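Protein chains in written order, with this note's numbering: chain E, 89 to 469; chain S, 89 to 469.
Take the hints with a grain of salt, since some may be wrong.
[Unchecked claim] Selected chain E positions facing chain S (in silico; Cβ < 7 Å):
1) Thr128
2) Glu405
3) Lys407
[To be verified] Away from chain S, derived, C-beta distances all over 12 Å, residues of chain E:
4) Leu110
5) Ser111
6) Pro140
7) Asp158
8) Ser162
9) Cys163
10) Arg202
11) Tyr234
12) Arg239
13) Thr252
14) Gly273
15) Arg287
16) Gly291
17) Ala313
18) Val400
19) Ser404
Since the hints were made in silico from the structure, they are not lab data.
Note that this is a predicted model, so its numbers are computed, not measured.
In this text, a Cβ means the ideal position worked out from N, Cα and C, and glycines have one as well.
There are 2 protein chains.
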Amino acid sequence: MGHPTNPGCSASLDASKLKITLSETLKPLQPIETLQFGKTFSDHMIVATYDPAVGWSAPEVKPYGPIALDPASSCFHYGGNAFEGLKAYLGPDGEARLFRPDLNMRRLERSCARLALPPIDGDAVLELVKRLVNIEKRWMPEESGYSLYIRPTIIATRPGLAVTASDHALLYILASPTGPYFPQGLEAVSLLAVSDNVRAWPGGTGSHKVAGNYSPGFLPQIAAAQQGYDQILWLFGEDRRITEAGAMNFFVVVKRDDGDGLDLITASLDGTILPGVTRASCLALAGDPEFQKETSLRLHPQEKLYTMSDLVKWSSEGKLLEALAIGTAVIVGPCNRIGYEGKDIVIPGNGLGPVGTALRKKILDIQEGRTNWQGWGVVCS
Amino acid sequence: MGHPTNPGCSASLDASKLKITLSETLKPLQPIETLQFGKTFSDHMIVATYDPAVGWSAPEVKPYGPIALDPASSCFHYGGNAFEGLKAYLGPDGEARLFRPDLNMRRLERSCARLALPPIDGDAVLELVKRLVNIEKRWMPEESGYSLYIRPTIIATRPGLAVTASDHALLYILASPTGPYFPQGLEAVSLLAVSDNVRAWPGGTGSHKVAGNYSPGFLPQIAAAQQGYDQILWLFGEDRRITEAGAMNFFVVVKRDDGDGLDLITASLDGTILPGVTRASCLALAGDPEFQKETSLRLHPQEKLYTMSDLVKWSSEGKLLEALAIGTAVIVGPCNRIGYEGKDIVIPGNGLGPVGTALRKKILDIQEGRTNWQGWGVVCS
């Protein structure tokens with residue numbers, strides 16, 4: 089299992105070789121109401137390095153702290169960095185749980201392959217994630233909506249400026265205690281539909297979780313904020329198809345013409361859409377007879393191309409019932425208006441509607457271990 | 089001059105505040121024939137940091153060495169990194185010269201703005217580049233074709249995982265002694281025309297020199313190499329328009345129908361093309377009456393949309409005379425064949441034709457200080 093530019097025999101990442109060097113003094117825990125997303129980090133991190141001569145090093149738990157890199161490292165110049173984001177929740181049984189982490193790990197493997205990074209075994213990364221969660225269990229607040237956000241990161245560390253794939257890499261896993269996305273209760277997000285800036289393109293990297301996808305969105309995001317919108321609704325193409333909202337997937341709930349309940353619509357995975365774990369979970373739940381029975385909702389999940397014209401039409405006909413931003417951080421959040429061509433498409437209601445509420449509740453129940461569902465909650469011990 | 093997310097009063101980068109901490113022991117110089125691009129670095133680098141509270145720090149010359157960063161730094165996760173590449177050449181007068189560095193500096197300013205990085209004054213960066221070149225003059229080989237490659241780099245150092253613009257940054261400038269792109273003499277490069285992977289798109293970052301543009305090309309590059317081609321010819325759109333070659337601009341020389349000499353054609357700056365300094369210089373030279381007179385070439389520079397169909401047609405009619413890869417590293421290099429739809433378009437001749445040879449010679453003469461031309465050679469002292 090070697091690197092594409094250097095195939096050969098080299099060591100795979102092996103979680104069983106984990107070395108543990110614990111911090112001598114532990115940080116004080118922070119009052120949970122002061123937690124901001126991704127700002128506070130736990131006492132330790134896990135690191136492992138890939139060298140083409142030997143493969144992956146034995147991973148190591150060590151105190152959280154700066155990493156030292158050659159300034160010519162590929163990650164600074166050519167952007168060969170992939171990451172994942174997943175949350176560990178403390179359940180009523182005292183166990184820490186991850187939510188469908190296998191999906192994150194497969195995506196991490198695909199992201200690394202897309203950037204021609206050294207190959208990585210997602211199952212070994214998952215094992216390391218579980219070890220870190222257990223070591224950092226004191227950082228997991230018991231309160232609902234709080235979790236330990238885990239950020240596995242792989243960066244290209246080939247020291248040199250040649251424009252070529254990196255045959256060196258550094259894996260590290262960070263843990264950050266995190267509160268609810270909406271600390272004041274569910275607040276609706278406003279979106280500005282944007283087509284002059286484009287998040288992703290067929291043949292690009294929009295369906296992978298790689299660093300270069302994100303920073304190009306910051307400038308349009310600032311411009312949207314200046315116009316009074318929270319996030320961008322990214323459009324694509326002449327037909328103004330709807331893709332994502334900020335760094336989240338986007339769904340709408342539309343009343344069906346045949347009277348048979350509601351359509352839950354999101355863009356299909358055409359190469360420009362991040363295959364989100366929460367996205368996949370919402371689609372699966374919506375189509376599940378048991379979930380429909382539990383919630384008395386008749387839902388038709390649909391992954392398809394849909395456009396701003398569709399949205400305008402559904403809105404004017406009174407069929408557009410909910411608009412949802414969906415992702416690991418937000419879980420399921422409401423959108424209340426979409427700015428487009430100088431006007432706002434207003435979403436009825438204030439906050440989550442019945443579909444968003446039901447999806448959010450079910451997912452949070454699974455994540456926090458209050459209910460079992462198809463093996464989605466994975467205990468860390 | 090504050091950051092877009094944090095406007096206010098903060099210090100600009102000020103080259104006059106440069107602090108100098110020289111290395112106690114200097115590295116031995118390397119035999120020039122063993123130099124590989126971007127692999128050997130000089131004794132020192134220049135660094136400066138941007139903090140939103142105070143602006144840019146006083147820049148510092150210090151020994152080349154690792155940089156220590158918080159693992160949550162934005163550069164690792166969201167790709168907010170911009171850079172430049174320029175070469176300093178030692179002239180027959182003993183002076184070190186840069187080639188049109190103002191163009192690099194304006195581009196660096198634009199790249200930072202595109203990624204919502206803290207604002208940077210390119211003129212101050214240029215002053216620092218000149219200082220570094222003078223300090224590292226012993227690293228500049230006297231031999232023609234050798235130079236000191238300078239890499240100003242700005243990376244996003246905001247410590248935190250929130251998906252937002254970085255209000256912290258690190259500037260560093262590296263110097264790397266570099267030999268000719270083709271150490272064995274001018275070797276022709278073969279290109280594979282690729283349309284399933286896309287380098288850049290309208291509304292993206294293809295016209296900026298940012299890290300995220302590069303790593304997505306590594307996997308297609310490996311696939312092209314496996315098919316026996318050196319680099320990729322990046323196509324775009326249904327019409328298969330020609331954009332760039334690898335990480336270089338691409339030109340063709342085409343015999344005109346009206347018998348009035350030759351067209352020198354390259355893609356226009358439509359937002360998907362890097363505005364290369366060597367690209368701009370070749371276009372300017374080709375249209376210059378003095379250059380035409382010197383070289384007895386009648387040239388019509390043209391920036392326009394042209395497609396693979398055009399190339400196939402020109403080739404079949406015997407009008408496609410030269411194909412050139414153009415950039416700071418290669419200067420002007422020959423392409424000998426272009427793989428497209430299972431066949432090769434063969435470029436006549438072996439190595440550079442008359443136009444490529446004349447452009448290359450003129451640019452190298454200016455760069456190495458053998459001729460003055462419109463202020464393009466800028467002395468560092």
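Hint-by-hint comparison with the structure:
1. With a least beta-carbon distance of about 9 Å to chain S, the hint placing E/Thr128 at the interface is violated under the 7 Å criterion.
2. With its C-beta approaching chain S no nearer than about 31 Å, E/Glu405 sits outside the 7 Å limit, and its interface hint is violated.
3. Checking E/Lys407 against chain S by beta carbon gives a least distance of about 30 Å; that is not within 7 Å, so the hint is violated.
4. Separation of E/Leu110 from chain S is adequate, the least Cβ-Cβ distance of about 18 Å exceeding the 12 Å criterion.
5. The Cβ of E/Ser111 sits about 15 Å from the closest Cβ of chain S, beyond the 12 Å cut-off, so the non-interface label holds.
6. A cut-off of 12 Å between C-beta atoms confirms that E/Pro140 is not in contact with chain S; the least separation is 14 Å.
7. Here E/Asp158 does not stay apart from chain S, with its beta-carbon only about 6 Å from theirs, under the 12 Å limit.
8. Interface exclusion of E/Ser162 from chain S breaks down, the closest Cβ pair being 8 Å apart, not more than 12 Å.
9. Some Cβ of chain S comes within 12 Å of the Cβ of E/Cys163; the nearest lies about 6 Å off, and the non-interface call is violated.
10. With a minimum CB-CB distance of about 6 Å to chain S, E/Arg202 fails to clear the 12 Å threshold, and the non-interface call is violated.
11. The claim that E/Tyr234 is not at the interface with chain S holds, since no C-beta of that chain comes within 12 Å of its own (minimum 16 Å).
12. Annotated as non-interface, E/Arg239 brings its C-beta within 12 Å of a C-beta of chain S; the closest such distance is 6 Å.
13. With a least beta-carbon separation of about 7 Å from chain S, E/Thr252 fails to lie farther than 12 Å from that chain, contradicting its non-interface assignment.
14. With a closest Cβ-Cβ approach of about 20 Å to chain S, E/Gly273 is found to remain outside the 12 Å limit, as its non-interface label requires.
15. Chain S draws E/Arg287 into its interface by the beta-carbon criterion, the shortest separation being 9 Å against a cut-off of 12 Å.
16. A Cβ of chain S approaches the Cβ of E/Gly291 within 12 Å, the least distance being about 4 Å, so the stated non-interface status is violated.
17. At roughly 8 Å from the closest C-beta of chain S, the C-beta of E/Ala313 falls inside 12 Å, breaking its exclusion from the interface.
18. Separation of E/Val400 from chain S is adequate, the least Cβ-Cβ distance of about 22 Å exceeding the 12 Å criterion.
19. No Cβ of chain S comes within 12 Å of the Cβ of E/Ser404; the nearest lies about 28 Å off, and the non-interface call holds.
Violated hints, listed in ascending order, are 1, 2, 3, 7, 8, 9, 10, 12, 13, 15, 16 and 17; each of the other numbered hints is respected by the structure.
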